[in-house]
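Enquirer: I would like the entire structure built from these sequences, with the hints used as guidance.
As numbered in UniProt numbering, residues 1 to 297 make up the sequence shown, in order.
One or more hints might be untrue.
Restraint ranges, calculated between C-beta atoms of paired labels, are given here [to be verified]:
no., residue 1, residue 2, range
1, G293, R62, 43 to 51 angstroms
2, L93, V178, 36 to 44 angstroms
3, R156, G277, 37 to 45 angstroms
4, D41, F71, 20 to 28 angstroms
5, Q145, R272, 55 to 63 angstroms
6, S20, D273, 32 to 40 angstroms
7, R31, D273, 48 to 56 angstroms
8, R156, A292, 18 to 26 angstroms
9, D6, R272, 43 to 51 angstroms
10, R23, P219, 33 to 41 angstroms
Below 20 angstroms or equal to it, Euclidean Cα-Cα: the simulated SDA-like pairs (lysine to any residue) are [unchecked claim]:
no., residue 1, residue 2
11, K51, A95
12, K225, V287
13, K51, E19
14, K225, G277
15, K225, G176
16, K225, D153
17, K225, E249
18, K225, R187
19, K51, D153
20, K51, R156
21, K225, V178
22, K51, W105
23, K51, F71
24, K225, V152
25, K51, A33
By construction, these hints were calculated from the structure, which means they are not laboratory data.
For glycine and all other residues, C-beta sits at the position ideal for the given N, C-alpha and C.
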Amino acid sequence: MTAHPDPDDRHFSSSLSAESGGRTALRMERRLAHPPQRVWDAITRPAQLAKWFPSEVSVDLRPGGEIGFHFPGEPGPGPAMTGRVTDADEPRLFAFTWGEDHLSWEITPDGEGGSLLRLVHTFGDRFGAASFASGWQVCVTALGQVLDGGPVDVERDTGGTLHEAYLARFGELTRGRVEETDGGGRRVRFERQLVRPAEVVWDRLTGGVEPLTGSPVPPGFTADKVPAGPVTDVRAPELLAYAWHPEGEVRWELGPGTGHGPRLVLTQTGPRDFDTGGALAVWRARVEELAAGLLDR
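Expert: Below is the structure:
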């Protein structure tokens with residue numbers, strides 16, 4: 001039977017925290033009905049990792065040893081990415097770098113013959129947190145199936161439901177923020193990872209009618225109480241901007257993201273005295289409406 005990972009699983013917990021240097025730590029815990037040594041083998045042996053980890057792995061299992069990540073279809077004989085083992089304390093702690101990220105897997109005894117597996121993933125892309133959390137939950141659910149001796153049969157989060165559930169849990173990622181601009185004005189900024197390809201998002205925003213410079217702004221790019229002048233810049237499916245005030249601009253950008261879709265960066269820039277509180281409220285509602293509509297698809 002296919003497993004459908006649930007962020008409210010009582011055996012699985014998660015949290016998000018800000019770290020020094022502008023980095024973010026995602027902490028996830030999963031109780032497993034297997035002793036620490038079995039869990040250790042499953043998270044360190046390449047043949048076992050290949051059954052549940054998001055890539056094939058080669059590893060020199062010692063502090064300072066190289067770890068390589070091999071993705072299907074990548075050209076060349078070597079790993080697509082490499083890192084370094086930072087901790088290898090059998091059967092308690094396995095940690096390594098992956099690009100600019102750091103992953104720490106800690107195993108402690110739990111109950112009668114069981115284990116508590118704690119993952120701490122530290123990274124710089126705070127707004128990728130829901131993608132990372134949903135991806136790791138799918139992976140660790142598969143790890144549990146490997147340990148249970150059965151086939152791996154986990155539904156990947158292609159529909160985005162798990163991703164959006166984590167965004168709701170990590171609510172601070174959806175609130176937006178107010179920034180100062182170099183010219184003495186203020187800017188409201190939202191950043192949101194989306195769960196459908198950029199072309200799908202663009203089509204939903206435009207309503208299927210391609211905007212041009214100087215044309216009216218499609219309603220999908222507007223929000224209540226924010227005047228919309230004509231389009232001032234457009235590059236499908238990456239960018240649309242328009243003036244809302246003689247000193248202000250609304251700008252929608254769809255760039256590279258984590259997971260299955262683009263990263264939305266939405267800004268409204270204005271003079272020093274513009275109502276940033278009202279702007280935060282209306283744009284948050286608009287972004288939530290867009291995200292819910294993409295999930296429905």
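Enquirer: Holds or violated: are the alpha carbons of K225 and R187 at most 20 angstroms from each other?
Expert: It holds: about 16 angstroms lies between the C-alpha atoms, which stays within 20 angstroms.
Enquirer: Note whether the CB distance of L93 and V178 lies within 36 to 44 angstroms or breaks it.
Expert: Since the Cβ atoms of L93 and V178 sit about 41 angstroms apart, the hinted range of 36 to 44 angstroms holds.
Enquirer: Check whether the Cα positions of K51 and E19 lie no farther apart than 20 angstroms.
Expert: Cα-Cα ~32 angstroms, so violated.
Enquirer: For the pair supplied as a hint, K225 and G277, is the alpha-carbon distance within the 20 angstroms limit?
Expert: Judged against 20 angstroms, a Cα distance of about 12 angstroms means the pair holds.
Enquirer: With a cut-off of 20 angstroms on the C-alpha distance, tell me whether K225 and E249 pass.
Expert: holds, 14 angstroms
Enquirer: Take a quick look at whether K225 and G176 sit within 20 angstroms of each other, Cα to Cα.
Expert: Between K225 and G176 the Cα gap is close to 18 angstroms, so the pair holds against 20 angstroms.
Enquirer: Using the C-beta atoms of R23 and P219, is the stated range 33 to 41 angstroms upheld?
Expert: holds, 38 angstroms
Enquirer: Can you tell me whether the CB distance of D6 to R272 sits inside 43 to 51 angstroms?
Expert: Taking Cβ atoms as reference, D6 and R272 lie about 46 angstroms apart, which means the hint holds.
Enquirer: Taken at face value, is the distance from the CA of A33 to the CA of K51 at most 20 angstroms?
Expert: holds, 18 angstroms
Enquirer: Hinted pair, alpha-carbon criterion (20 angstroms max): K225, V178. Please report holds or violated.
Expert: Cα-Cα ~18 angstroms, so holds.
Enquirer: Starting from the hint 55 to 63 angstroms, judge whether the C-beta atoms of Q145 and R272 obey it.
Expert: Holds, since Q145 and R272 (Cβ atoms, about 56 angstroms apart) stay within the stated range.
Enquirer: Take a look at whether the Cβ-Cβ distance between G293 and R62 falls inside 43 to 51 angstroms.
Expert: About 50 angstroms separates the Cβ atoms of G293 and R62, which means 43 to 51 angstroms holds.
Hint compliance for this structure: hints 13, 16 and 24 are broken, all remaining hints hold.
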